[in-house]
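S.K.: Full structure from sequences and hints, please.
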Amino acid sequence: MHTSLRTKRSTRAAVALLSVGALMLTAAGCGGDDGDTAGGSPPPVTVKLPSLKGQKLQVTAVWTGTEQENFTKVLKEFEKRTGATVSFVPSGDDMSAFVGSKIAGGAPPDVAMVGQVGVLREFAQKGWAKPVDAATEAQLKKNFAKGWRDLGAWKGTQYGVYFKASNKSLVWYNTSAFDYAGAKEPKTWKDFLAQAQLVSDSGTDAISVGGQDGWTLTDWFENVYLSQAGPEKYDQLAQHKIKWTDPSVTKALTTLAELWGTKGLLAGGRDGALHTAFPDSVSKTFANAAEPEAGMVFEGDFVAANVADAGAELDGDAKVFPFPAVGAKPPVVTGGDAAVALKRSKASQALLTFLASPDAAHIWAGAGGFISANKSLDLSAYPNAPLRDIAKALISAGNDFRFDMSDQAPASFGGKPAQGEWKALQDFLKNPRNVTGIQRRLEADAAKAYQN
Amino acid sequence: MTSADTVVSAKQSLVARIAARAGGGVARVALVLIGLFWLMPTAGLLLSSLRDPADVDISGWWKVFSDPGQLTFSGYDKLLSNQQITDSLWTTLAITLPATLLVVVIGALAGYAFAWMDFPGRDWWFLLVVGLLVVPVQVALVPVAKLFGEVGIFQTTTGVVLFHTAFGLPFAIFLLRNFFAEIPRELLEAARLDGAGELRLFLRVVMPLGGPAIASLGIFQFLWVWNDMLVALIFADSGNPPITVALQQQVRQFGNNIDILGPGAFVSMVIPLAVFFAFQRQFVAGVMAGAVK
Amino acid sequence: MSTATAGGAATPGRAPSVPPAETRDRKKKKSVLGTRPWLAAVFLLPALALLGALVVYPICYSVYRSFFDASGNGFVGLDNYQEMFSDDATKTAIKNNIIWLILAPTVSTALGLIFAVLTERIRWATAFKLIVFMPMAISMLAAGIIFRLVYEQDPDKGVANAMWVSVHDSFTESPPFPGAHPRPDAGLTESSGGAYTTEATAKPGSPASIPLVAAKRDDIGGAQTAKKAAPEAGKVTGTVWFDFTRGGRGGRGVIDKGEKAMADLKIEAVKDGRVVAKTTTAADGTFALPATADGAQLRLPAWNFSEPYNGVDWLGPSLVTPAIIGSYVWIWAGFAMVLIAAGLAGVPRELLEAARMDGASEWQVFRRITVPLLAPVLSVVVVTLMINVMKIFDLVYIIAPGPSQDDANVLALQLFQSSFGTNVNQGLGSAIAVLLLLLVLPVMFLNIRRIRRESRR
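Respectively, the protein sequence lines represent chains W, E and X. For what it's worth, UniProt numbering labels the leading residue of the first sequence as 1, then goes sequentially. For what it's worth, UniProt numbering labels the leading residue of the second sequence as 1, then goes sequentially. For what it's worth, UniProt numbering labels the leading residue of the third sequence as 1, then goes sequentially.
You may find that some hints are simply not true.
[Unchecked claim] Covered stretches of chain E (chain X as the covering partner; in silico rule of three or more C-beta atoms under 8 Å from a C-beta of chain X):
1. 42 to 55
2. 67 to 75
3. 79 to 91
4. 127 to 141
5. 159 to 165
[Unchecked claim] Which residues of chain W face chain E? A partial, calculated answer using Cβ under 7 Å:
6. Gly54
7. Gln58
8. Gly92
[Claimed, not checked] With a Cα cut of at most 25 Å, we get these calculated DSS-like pairs of lysine-lysine:
9. W:Lys126 x W:Lys76
10. E:Lys146 x W:Lys343
11. W:Lys76 x E:Lys78
12. W:Lys126 x E:Lys146
Source of the hints: derived by calculation from the structure; they are not laboratory data. Beta carbons are placed, not taken as given, at the ideal position from N, Cα and C, and that holds for glycine.
M.R.: This is the structure in structure tokens:
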């Protein structure tokens, strides 16, 4: 429960990417099919699966609604090819507790779709997760960049298959607010601040920050840091090889303070931001589409689902631009869900192999709301050009993307409310002048959590 | 009582006095207001479940009073076409009925034994059972999960039923034993003289006479099991869970799944509320008798 | 509902529908059927087997397990207990359980008492009682979902804040331009509390210009275009306007063509910290102050810009526990009411009448006679609720939002977390289970004593 907040956000994308696609469709000036009707083309058959006639398989993920429907399509194809019977069980938000309770009775689901690297490593460490077999390993080698493979490994052994990826470097804006203020999509951080100021001056608070959920704040930091300090530093910080008192962190926090510390830029002020949960931060921006409480909101592709919940129309009321470049290059921070086998069986291994193949990715990609890091996936599988572009960018980034840093940290530092990074950044939001104090706190907590 | 309470009561009795003088007018008005206040949360859920999620996201349920056109059954349509939810209602029933029946039967047998049979240490055994009334179910989750895992009934309806039965038994035995003990001795002796055996006595005399208590117990247990989430969360087949767990799986931090949760919570409430209204007398009796649970 | 027997409530150990009087002194210790221990064993077997395996065994297991570490292999003695009392999460849980234990039963019982007394002589009271008692029949899960809605932060969505805010707002006048403020370089300084004061002093004949930004679209929508104030001899004049042109093109501090006026703003002339004159801006944004304002600084009081009141953060870290207790009271006040009402029905009328004849006030009658007579019922209610509260889980699990979950933590939830959550430690979990058991133990003994007393009568 209080450990799994992070999972939820990456999984929210019922219509998410589908609508990102639709939304960028016009931007790209490319007509064509609507996302949901596409995907009719039969999936390719590139991987050989064993016959599993009569075998039963249970898969769990936090997905509900449209995501569940689309994932079920993938499982159906697996059933068709192997003869196994696969059932899908939503775990509820608290994946760890769900799996933990089933393991207590010795009957875990066969495969879990895990949204956090930290949880994956924990499952591996406890011996709950089972290593992948040779066939899956082969598929992974063939289809995934090393960066993605490593995310699914623990102590050199491969456990997870990153089946679903997400892009966490997007800023969503209310077109009516931008139009009223005469603001334009910014490319750089400086321009971003200027446009935000413009929106604010026009009478709409510029940016809605869901500061009640600490993870949105860590994502802010990660985007700024990755773009500003570069991927090498990012990795070092993620592994706690450099300290949080490092000057690069000072610089990133100071940069962030330019936004968080300026009056009128945050919806409801800093105090309001601290009391806004993530879903509310989106509905503040889009629920009243014509006269919103905020002009922009930052978060990953899953925001699209909340936009739809708020009754706003994508591409009409809501548009999106990439997180502005703070340093030389704009950041690409990603998240994703990895399939992990919890039982050592032929069937669960076969499912992992299947999920690592382009065949499986093809199905969900066609249904929309999904991007894959699978480089063997034929990009024509995506229902429209913009989705294809996001996926292409993800794959051509090779190992240059970076996975959400706080998701890589031990849960007590990067994944829990009221402690570690979440709490520290909330305190920073409360008082953006206190850069050094926050850095000391972060370092102290990190040292404890990483035990180094 | 704390002094705060007495102040409250003081005000209260003042109100009562004035009310008595004014023909109870004030008290009546107050009661109507409190009643409305108490209804409001439920009414809010009901009305929310009858609105479009997009409407729910921007305004409160009270909006329907000024704009009744917002009311729609689409949420219920969607819910009832959701196989997982409809199946879960059957699972709930498949858990609740046996768990209720078993508690009544096993509890009655034991209650009868404690009331009318002689065996060494009877009262002590009874007190021990009564002592178990207060044991929190959470204590048993892990050990019983392991136990069920070994026996092979973890994640089965059987397991859930057994668990509910076990934790319903102390109350059942307590209630029925006390009730049976009040049966006039002459009745039993008369039946005995007619040559009735122990089992016959139990089935023909004690059980029929125990009707009211059994009804109370049955309703109480029915509601308890139907409404349970925690036990089912751990022990029920997660692929085919009862309604409470199915809904719990939908409680997501991101985005309010109100379009499923609202109607779902309401559908899950229909049966218990129907049972409650149909058997409120027995339910109240059960509550009062079981005031130690 | 109110017709359930008084005896049943006053002595809940007894089945309620039994005619009370005649059974009182019946001795029922002896079997009618003679001693047949083996048959008794047959009757008892299913119950004892189930209780033994699923209730007694887990207790023993928990006690045993609590002396071992997380893996279950290493004996650690009392370490888990030590850790339990030093672990922050568990400490919060214990603290919250104490708050629950104090607040929930007393408030529920107090309300139940009030309701019971209120409904005592009213004919249609049954309808009221049904409404108040109804939450008892629904699941904690449904109640949780219901109260998540009630406690929504946004006053436009959550009924609790909607009511709170409308009460609050009925006492305040709504400001003309919430959220508006000057640019940092506009020549105004912000004082504590959100008022803005000009750095320059006002002079008659040279009109002041006060440019502001961030006026809400709603508030500025119908405004006139701003007009430059004309200099007037002997008067301090000026203009307050919305210094914003689409795309940020207009000049700063300049009234560009089409920029809107900000009307109805309060303006004060301040000299040495004292307000010497006051006025309000006109529809075209201009204002005029008498000559006394000469040499004063112009101040726009904070009221002009105060943001609308947004209500209480019910599920925030500080209020989450009381808020969830509120939902608990909603469920259980009906229970208290029904028991107390039944007890009240058993209070002899003659006694009350006699006291009234003696000139006792209604309050005295209530305090001196009714309450003492009700004492046994009240204590049963409170004790029952206490046991129940100790085990509280579902409501907290469902209602507390993720970020406040740690602040709302209770023992049963912590036990659940440490049994199955991310940081599984079944040793610690078992220690918490044992603590929970120890906490209910005294209540158990009380109950047993009461039951034994009753069965001896």
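S.K.: It remains to establish, for every hint, whether it holds in the given structure.
M.R.: Taking the hints in turn, this is what the structure says about them:
Only when three residues or more bring their CB closer than 8 Å to a CB of chain X does the claim for the region 42 to 55 of chain E stand; here the count is 4, and the claim holds. Closer than 8 Å: that is the beta-carbon criterion, and the region 67 to 75 of chain E has 0 residues meeting it against chain X, so the requirement of 3 is violated. Counting residues of the region 79 to 91 of chain E whose C-beta sits closer than 8 Å to any C-beta of chain X gives 0, which falls short of three, so the coverage hint is violated. Counting residues of the region 127 to 141 of chain E whose CB lies closer than 8 Å to any CB of chain X gives 14, so the stated coverage by that chain holds, three being the minimum.
Restraint check on the region 159 to 165 of chain E versus chain X: 3 residues with Cβ-Cβ distances below 8 Å, three needed, restraint holds. Below 7 Å, beta-carbon pairs count as interface contacts, and Gly54 (chain W) has none with chain E, the closest being about 17 Å; its hint is therefore violated. For Gln58 (chain W), the shortest C-beta to C-beta distance to chain E is roughly 6 Å, which falls under 7 Å, so the interface hint holds. Checking Gly92 (chain W) against chain E: minimum C-beta separation of about 4 Å stays under 7 Å; hint holds.
Between Lys126 (chain W) and Lys76 (chain W), the direct Cα distance comes to roughly 31 Å. Violation of the 25 Å bound is thereby established for this hinted pair. With a C-alpha separation of about 17 Å, the suggested pairing of Lys146 (chain E) with Lys343 (chain W) holds against the 25 Å cut-off. Only pairs whose Cα atoms come within 25 Å are accepted, and Lys76 (chain W) paired with Lys78 (chain E) is accepted, the gap being roughly 22 Å. Straight-line distance between C-alpha atoms of Lys126 (chain W) and Lys146 (chain E) comes to about 17 Å, which keeps the hinted pair within the 25 Å bound.
Violated hints, in rising order: 2, 3, 6 and 9; the structure is consistent with all others.
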